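Student: Using the hints, position chains R and Y against chain V.
Residue numbers (the working numbering), protein chains in the order written: chain V, 1 to 144; chain R, 1 to 365; chain Y, 1 to 351.
Hints listed in this document are in silico derivations from the structure and should not be mistaken for laboratory results.
Hints may be right or wrong, so weigh each one.
Unchecked claim - Capping the alpha-carbon separation at 20 angstroms, the derived lysine to any residue pairs in SDA-like fashion look like this:
#1 Y/38 x Y/67
#2 V/3 x V/103
#3 Y/268 x V/68
#4 Y/268 x V/56
#5 V/18 x R/283
#6 R/283 x Y/204
#7 V/54 x R/67
#8 V/40 x V/12
Unchecked claim - DEER-style ranges, computed between Cβ atoms:
#9 Y/180 x R/53: 45 to 55 angstroms
#10 R/165 x V/136: 55 to 65 angstroms
#11 Y/174 x R/55: 36 to 46 angstroms
#12 R/126 x V/16: 42 to 52 angstroms
#13 R/85 x V/108: 32 to 42 angstroms
Unchecked claim - Going by beta-carbon spacing under 8 angstroms, a handful of chain R positions derived as facing chain Y:
#14 177
#15 213
#16 218
#17 312
Owing to the predicted nature of the structure, the values given are computational and were not obtained by experimental measurement.
Idealized CB from N, CA, C, for every residue including glycine.
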Amino acid sequence: MSKHIVATVNEIPVGGRKLVEIEGRSIGVFNLGGEFFALKSRCPHQGGPLCEGKVGSLVEADVPGAYTLSRPGEMLRCPWHSWEFDIRTGQSWWHPARMRVAQYPVTVEDGAALESAGWQKGPYVAETFRVEVNQQYLLVEINP
Amino acid sequence: MTLTLPKVQTAPALRTREAVIDCDIHNTIPDDKLLHPYLPARWRQHLDSFGIGFYSQGAYYPRQHMNAARTDAWPPGKIPGSDLDFLRAQLLDQWQIDYGLLNPLYLAGEQVIPDYADALATALNEWLIHHWLDPEPRLRACVIVNYEDGESAAAEIERRATDSRFVQVLLPARTREPLGRRKYWKMYEAAERHGLPVGIHFGGAGGWPITGAGWPSFYFEDHCGMPQSIQSQVISLVFEGVFDRFPDLKVVLIEGGFAWLPPLMWRLDRSWRLLRDEVPHLKRAPSEYIRQHFWFTTQPVEEPGTPEHFRQLLDQLNMDDRILFSTDYPHWDFDSPGMAIPGSVPKELRRKIMSENARALYKLE
Amino acid sequence: MPTSLIDCDIHNAVPSVQALFPYLPEYWREYISQSAFKGPIDTSYPVGAATSARPDSTLPAGAPAGSDLEVLRVHTLDAWNAEYGLLNCAYALESLHSPYAAATLATAINEWQIEHWLAKEPRLRASLVVPSQYPDLAVKEIDRVGHHSGFVQIFLPVHSLAPYGTRQWFPVYEAAVRHDLVIGLHFGGTPGNPPTASGWPSYYAEEYANQAQLFQSQVMSLIVEGVFEQFPALRVALIESGFTWMPSLMWRLDKEWRGIRREIPWVKRLPSDYIRAHIRMTTQPVDAPSEPDHLLQIIDQLGSDEMLMFSTDYPHLHDDLRQDAFPLNLPEPLRTKVISGNARAFYRWSR
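The following block holds chain V by itself, in its conformation from the complex:
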C-alpha cells in the first residue's frame, strides 16, 4: 500500500473532479458533497477513460414514463458506451455484484502530518508546490 498526494482539498470543489496518474494508473478524484472518492479511470468494459465521463443523477422509473431522479451528481457515465457507475462504491448500475471499477481510499491529511508521515512522489514531473503545514491535502492509496 502506498499513499500519494494528488491535490489540495480546496482544489476540487463540491461537484468537481481531478484526473491524476499514479504509478501508471489513471485515477479520477471526485468531491461528492465534501466527501472524496477515487476511481480508476479505466472502464471495465473496453478500457475507456471512465473518469472523464459526464456525471449525473441516478435515473429510475417504476413504470413507463415515471422518471424519478435521486442522488444528483453521483452517477458517472463512461464517455464511450455510457455504462453507469456509482461514484461512492465503484459499482456498475447494471450489475453491481459483478461489474465494478476499482476504487481507492482517499484520505485528507494536513501538512503538518505529512511532514512527519511517509508519502511518495508521483512518477511524472508536471507540477510542483510546497507542502504547507496549514493546508490540507488529499491522498489516494493504491496497492502497487
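Tutor: Chains R and Y only, in chain V's frame:
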C-alpha cells in the same frame, strides 16, 4: 519541502504490436461552407438555407450522446470527427492503425431534390479528397453517391474510380426501396466494373417507418433496430438475384454487428427451398450467395455472456475470411482495438479480423 | 409416439364468409350478400405459395386447407396423439380499415370457433381474434368472450401498423391480464404498411423471410416500452416465428441496455431476463442449421429450457414433417419440456 504532482493522461497507450485496419471511421464537416468551392452556385444558396440533412423525414430519434459521439472525442471548439489532427492523435496514432476507412454519414441519397443530391455527392467526394485523403496517407474513403438514382450513382462512381484511395461505395441500411430492387442496378454495375465493394452502413431514412411494424418510440430502438433493417437488405439483394446479375459484386455490411447472420442464412435457405418456384433466377442457396459475396464489420460487436458462445458463433458463421474489424470512431459505441474482440479468439483468426481480411478486400499494402 | 404432446399452433380456416352468417347481424348479412365486400382479400398465405398449404391438406371443392375439422383432427391431434391443440385463425382482420367490419367479423369468428371447433373437439383450445388495429374495440371483444374456457390466447398478427410495445396497445394487455389470456404474436398480418424499413420487397419469399425481423422488432418494442413492468403478469407467445435468431437478439438487447438504460429507465433488468420470464416460442417452422449440434447450441444459448413449445403449424408446409425429427429427437429432459411441459405450464393446463 516540495512535492511533485503526477501528470494527467487522457488514455492509456495501447501496448500491442498487432496490425490494425479500421474499416469504419466517421469524419465530419466542421462547417458546411467548406463545401462551397465544390458546389455549383445554384446549390450553394440552397446549402446555406437548408443544410445537408433532410428536414422532415420523421425519423428523428435524439441520440443519447451529442453528435452520437464519445464524450472524450470533441476537439477543442469543434465537433467530433472534424479535425484531422485530433483524429490522427486519438485514433490513428493512439492505436497504431495502418489504414482507416472513412464513411462520412452525409447521405446524399436522402435528399429528395434529385439535382441537389447529385451535387452534394460530388461536392462531398471533393471535400474528402482535399481535406482528408490528400493530407493523410493512412486514410481511404468510400464514394458518396446519390444512391436513389442508379444512373447518377454510376456516374459518380466513374468519376472516382481512377483514384485508388476510394475503395468502396457508401449506401445506408434504410432506403426508399429494398436495395435489391432494379432501380439500384446501374449503381451495382458500375461498382462491379470498377472492383469497388458496396458498403451498406447503419443509418439512412427512406421515408418509411424505421421498422416494418411502424414507428418505435425510442432512440434505443432506432440504434438497436438497425440489424433488422440490414437483414431486410440482405434478403432483398439475394432474392432479387443481384448476385446472379453481378457475379463479381462485393457487399460489406457495416455497423450492424453480425451474430444474426448464421440464423438468417438458415432461415433464407429454408425459405428458398420451399418457395424457389417464385425466384427461379436464383441458381444457388441464399447462404451460398452470402458466403461468396458478403463481408461484415465487427462493430458493435455482440457480447454474449460467455466466451464459449462467442466461439460457437464464429463456428456457426464459418466466415473467418470475411470479418473486418472496425471502431466506428468517434461514435459512442466505439469498439476499442485492444479490447472489443474477445481475447479467446485464436491468434490466426484475430490477425485476419484485425487487418488481413481488410487488406485483401480493399487491396491495401 | 409420446404419450403427452401439446400442439401450440394449428390453423383452422374459415371455409367461406357464408359460414359466418349465423353470427353476423342482419345489416352485415345483407351488405356482404349485395356489395363487393366478402371478407378480407389480403392474406399472409397466398394460395399460390407452396408454404401456405402442404399437399395432403388439400380439401375437395376448393375448400380452404384447415377448414374441415375431421381432416384437421386426423392430420394433427390424432397423428401426433396430442393432448391439446391450440387453434390460430389467421383471417386478416387487420387488413380491414372499417372498424365496424373488423369488429363484427371478429365476433363472428369467435362464435364460429366456439360452436364448430371448441364444442366439437374437447382437445382443442383457441386464440380469440380481435380487430387489433382498434384497441378499444379489441378490448370490447376480449371482455365479451375472453371468459370462455376454450379461449386461452389473443391472436395478434406480428405485422402491425405500430409496434406492439407502444402505449396504444396497453388497454389490450390490461384486458389480457384481466382475463388471464396469453398474447399470441403470430406470423403475418396485412395492415397496409410495408414489412421492412425500406419499403416493399418484390417477392413473397422475401416477405416470408422478413417475418423474423418483424418478430425481432416487436420483442424489442415490448421490452423497451416496459410492457412487462406495466403488466408483470403478461405472457406473450411468438407463434410461427422461428426461434434460432433469439440468442443473437438477446445479446444485442442486453449490450444496448447496459449503455442506453437511461432513456428507458423502467427497464430494470436485462432484456433477456424479461424474454425468458415472459416470452415463449413455438417450434415450427424451424430455421435449422445443417449441423444438428448448432441447433442444440442455439437452444442452450437461450439460457432457458422453458422457452420452446411444440407446434405443427398445420397446414403450412415445412421442409421436415417427419415424426422422428426435431423436437422429438431432443435429449431428455428438454424433449418432454418442449413437446408438452412448457406449453402446459405457460397456458396453465392441467394433465
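Student: Determine for every hint whether it applies to the structure shown.
Tutor: Evaluation of the provided hints:
Between residue 38 of chain Y and residue 67 of chain Y the CA atoms are separated by roughly 17 angstroms; this keeps the pair inside 20 angstroms, and the hint holds. At roughly 14 angstroms between alpha-carbon atoms, residue 3 of chain V and residue 103 of chain V fall within 20 angstroms of each other, so this suggested pair holds. Pair hint residue 268 of chain Y plus residue 68 of chain V holds up; C-alpha atoms about 13 angstroms apart against a cutoff of 20 angstroms. Distance hint between residue 268 of chain Y and residue 56 of chain V is fulfilled; the C-alpha atoms sit about 18 angstroms from each other, no more than 20 angstroms.
Our distance criterion of 20 angstroms between C-alpha atoms is broken by residue 18 of chain V and residue 283 of chain R, whose separation comes to about 64 angstroms. About 18 angstroms separates the Cα atoms of residue 283 of chain R and residue 204 of chain Y, which keeps this hinted pair within 20 angstroms; it holds. Between residue 54 of chain V and residue 67 of chain R, the direct Cα distance comes to roughly 15 angstroms. Compliance with the 20 angstroms bound is thereby established for this hinted pair. Proximity of residue 40 of chain V to residue 12 of chain V is assessed by CA-CA distance (about 17 angstroms); at most 20 angstroms being required, the pair is judged to hold.
The hinted range of 45 to 55 angstroms is satisfied by residue 180 of chain Y and residue 53 of chain R, whose Cβ atoms lie roughly 49 angstroms apart. In this structure the supplied range 55 to 65 angstroms holds for residue 165 of chain R paired with residue 136 of chain V, their Cβ-Cβ distance being about 58 angstroms. In this structure, residue 174 of chain Y and residue 55 of chain R meet the distance hint of 36 to 46 angstroms, their C-beta atoms being roughly 38 angstroms apart. For the hinted restraint 42 to 52 angstroms between residue 126 of chain R and residue 16 of chain V, the CB-CB distance of approximately 45 angstroms keeps it satisfied.
In this structure the supplied range 32 to 42 angstroms holds for residue 85 of chain R paired with residue 108 of chain V, their Cβ-Cβ distance being about 40 angstroms. Look at residue 177 of chain R: its Cβ gets to within about 5 angstroms of chain Y, closer than 8 angstroms, so that hint holds up. At a threshold of 8 angstroms, the smallest CB-CB gap from residue 213 of chain R to chain Y is about 5 angstroms, leaving the interface hint in force. Taking 8 angstroms as the C-beta cut-off, the interface hint given for residue 218 of chain R holds, the closest approach to chain Y being about 6 angstroms.
Because the closest C-beta pair between residue 312 of chain R and chain Y is about 5 angstroms apart, less than 8 angstroms, the hint holds.
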